[in-house]
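Line by line, the protein sequences are chains E and B.
Residue numbering for the first sequence follows this note's numbering, starting at 136 and increasing by one per position.
Residue numbering for the second sequence follows this note's numbering, starting at 3 and increasing by one per position.
Hints in this document: simulated from the structure, not taken from any laboratory.
From the three backbone atoms N, C-alpha and C, an ideal C-beta is built for every residue, glycine too.
There may be inaccurate statements among the hints.
Simulated coverage check for chain B against chain E, where a stretch passes if three residues somewhere in it have a Cβ under 8 angstroms from a Cβ of chain E [what the hints assert, rightly or not]:
{"id": "1", "region": "51-59"}
{"id": "2", "region": "64-73"}
Label-pair restraints from in silico Cβ distances [to be verified]:
{"id": "3", "chain 1": "B", "residue 1": "Leu457", "chain 2": "E", "residue 2": "Gln200", "range": "37 to 45 angstroms"}
{"id": "4", "chain 1": "B", "residue 1": "Phe82", "chain 2": "E", "residue 2": "Thr146", "range": "55 to 63 angstroms"}
{"id": "5", "chain 1": "E", "residue 1": "Gln200", "chain 2": "B", "residue 2": "Leu465", "range": "21 to 29 angstroms"}
{"id": "6", "chain 1": "B", "residue 1": "Phe82", "chain 2": "E", "residue 2": "Tyr233", "range": "56 to 64 angstroms"}
{"id": "7", "chain 1": "B", "residue 1": "Arg23", "chain 2": "E", "residue 2": "Glu198", "range": "13 to 21 angstroms"}
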Amino acid sequence: MNREHQLLRGTLDLLILKSLSWGERHGYAITEWIEGATDSQLEIMEGTIYPALHRMEGKMWIESQWGLSENNRRAKFYRLTAAGRRRLEAETSLWERYARAMAKALTAPAEVGA
Amino acid sequence: MKRRRRLFLDGLRPRRRDLEREVDEELRFHLEKRTEQLIASGLSPREARQEAERRFGARAEVRDECVTRIRQQEQRRMRFQRLSEFASDIRYALRSLRRRPGFTLAAVAGLAVGIGGSTAVFSIFDAVLLRSLPYRNPEELVLVWPERRSLAEFEAFQEMESFARVSGHGPGDDLTLTGSGEPARLRGFVVSTGLFDNLGVPLLAGRGFLAEDAVPGSPKVAILSERLCRQRFGPPARVVGRALELDGELHTVVGVMPAEFRFPNQTADLWLPLVLDRSNQGAYWGSYYVTAVGRLSAGATPESAAAELQALAGRLRLENPVWTPAEDYLDSVAVEPLQSHMAGELRPLLVLLLGAVGLVLVVVCVNLANLQLARSAARVRESAVRASLGATRGRIVSLLLTETLILNLLGAGLGLLLASLLVEVLVPLLPGVDGRFGQLGVDHRVLLFSLAVALVTTLGVGLLPALRLSRTDLRTSLAEGGRGMAAGTGQFSRAALVVAQVALAVVLVVNAGLLLRSFWNLWQVPTGFDGARVLSARLDPAESLYEDRARRRQLYDDLLERLRALPGVARAAAAHSLPLSGVDAYLAHRVKDQEWESGRLPMARQRIVTPGYFETMGIPLLAGRDFDGTDRHDGPQAVIVNRALAEKIWPGETALGKSIGYPWNSPWVEVVGVVENVLEGELDGEVEPALYFPYSQRSMASMTVLVAGAGLDPHSLAPGLREAVRQLDDQIPVNDVQTVAAVAWRSIARPRFAAALLAAFAAVALGLGALGIYAVIAYLVQQRSHEFGVRLALGASPEKIQRQVVSQGLRLGLVGLALGLVGALAAGRGLEHLLFQVSPLDAGILAGAGVLLLAVALAACYLPARRAARVDPLQALRAE
């Protein structure tokens, strides 16, 4: 696993939660959304989302149900629970603060005001 | 409603295999979707599949990780679910119990009686037989047999190698406390200086006895029990050093023993030092009153101690300067662990009680199982619905067991309350069980016992009905609307339970009958005296005030004179102690003109009596004369013997004019009369040789006075008696005012207790047995009321139907009776040594139990049978 994937692991949960914030999706649709939303910049191994999904289900952030896909095939659909929605909000604001701080730091001049 | 449905849909939960298949399916779906998408974007199917696999990553790893995660999750969920299932089972069970308050109350009450009774008996059993005595390393303590030793022997024991320590204590003595408020009678025990150390119980305050306290003539000291201390004087620390007037003599309190220390029994109020007086060699060697308790030294065993003791006793017997100990002396020398000595006589009684109360508990359980089965008939449909909704057998069983468990725990809780009450009531009634065995009552061991009983009874009571229900056949019970089921298979188990119940009740009834019979036999034993008309009262004047023999003689002479003058009193006399009172005094004696082997002198009971004693007690004088005024204290010594002694010592001769003597060198005593034998010791004992000495020549301060009325209630003489004593000396305590018959009555307290308790147990079991028969027959009648209605409509006579129902109940009773009699015969064998003049095979009692049982069975069938005969044919048919 390369460094990019390491980085990704911490944020994969957040991306999955975000992908479910508009309603239920199956695993494949989640990977499609992540690919589209990140312009395929993150190069996730698609398989890795499944252990993550099951882990998050264990934490009761998401719940699953078997249903029918667009073309009438059996597929497992995931959706956010109330706890998952709260988690998404908390993680989002945390990420934004982190990203802002990093962006600011990486563009900062040599001397910063005390 | 919703909650309950979810509970019984648990059967639909996916199994482990399904989990793996689900994961595979999910991953396959992903890969197929991706492949489709790639084909659509222009790749060949083969390239698309490869690309999809590449993008997906290590598929096997992902699969395994998913499966593991789901499994962990599943386990957590299961644990949680089991807990919540249990919680909802409890809620459901509570609701269902609340809906049937009658059943719940009956069940809990029955269990409370069963568990409470067995817990109470167990707590006594535990304290007396299982737990060790409340002393330091109690297993090292042994009692030296015979139980009463002379001071000389006691001092010789101190040198024994087998014993690290030896302590001694005397029999209890009543002392009068004066000078600090109301005079009181206290129970004191003389103990050797090392006794508290030997037992290993530290004092609460002050000091133990010192060597100088045992020296004759040293200042009098006493150690008080904490109970007495707090009742009369205040905090122990402040009582030490205080002076008390006991029997008119000042004693200094030097110490206080904690309340838990009740040695040698719980009557002890205070302890006095055992004074080692060697000046009177006669008393030193010949007076037997010290009970020796040794602590085995390291490496010594009871056997080695006994061997050493035998050798020592053989030597002491020859060294004895005063007399040579008598009959069987050496044979009886032995040691016995203190624990088994204290519990010894109680063991058979307690084992019997525990067995009996256990049987009652089983009867209670069988009864409850029967009630549950009856209810389960009504629940067949409910369970069938549950099973059809997917509930597993285990779930149905556990739901039903939860209900039984709740009943049992409630029963155990109430039972514990009942047990602590019962212990309070039973212990005083059970002679010989008291505080020396440590705290009696409900403690953590007893608590654990009753919990264990509750769990065992839960399984015993609940499993059969629960298993039966869970085996319910869905289709038939749903189709029959839940009515037909119970009449078939359920009826057999219920009948079997009733038979078991009846059989157990029979065992208890027979045993209770045997004990009652045995007790009755004891009470009917001819004692040789007429105690019902005689009122007795013990006078305990302070020894110090009546040290002077002349003064004592004067006191009792005057008193008897006054008593004889009282209206309603026909005769009056006094004796040092009464027959069957448990006060025993034996005397080894020489016989003039006869050579008895040294060490084999004849033994006889001795009592000291006043003139008129035999007449007052209704004991016939066979030859010679009663004591009278001519037996002066300074005149020739006289004795009256009983027939047994006369026949043993002078067979074929007249005893009159012969002489006996004390073992040591003393003047001969002439036999002036022979009286008929009386039972002096125990009602189930033998007549023994007895010597009666005249009070005028052997005066004692404390005597029991006897007054015989002329036909009226002897208790009406009590006020006159008290007044007569008061007029002579108002400082003399008058105690134990009771008829002589009451003394004998008290001597059989233990068999009476056993018989009464067993009778109570048997009554409970019999009642439950009747209830069981009634329930089964009543249910049967209800089930068949349709049939009865039809038959009545077709012209069957009500009597015939009634007879049929009764005969069905009787059949249950008879089978139970037969089994019960077999059980009773087996149990009776264990009872044999508790029985007096009655065989465990006593035909009368076995027949009586049978008749009683059949009568009860008939009574139990009566109501249902009447109902059967009165079924209204129209109504029965319409109900269909």
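Okay, the hints, checked on the actual structure:
1. 51-59: This one holds; 3 residues, not fewer than the three required, reach chain E with a Cβ under 8 angstroms.
2. 64-73: holds (count 5)
3. B:Leu457 with E:Gln200: 37 to 45 angstroms: Cβ of Leu457 (chain B) to Cβ of Gln200 (chain E): about 42 angstroms, so the range 37 to 45 angstroms holds.
4. B:Phe82 with E:Thr146: 55 to 63 angstroms: violated (31 angstroms)
5. E:Gln200 with B:Leu465: 21 to 29 angstroms: Roughly 40 angstroms apart at Cβ, these two residues miss the hinted range, so it is violated.
6. B:Phe82 with E:Tyr233: 56 to 64 angstroms: violated (35 angstroms)
7. B:Arg23 with E:Glu198: 13 to 21 angstroms: At roughly 20 angstroms between Cβ atoms, Glu198 (chain E) and Arg23 (chain B) fall inside 13 to 21 angstroms, so the hint holds.
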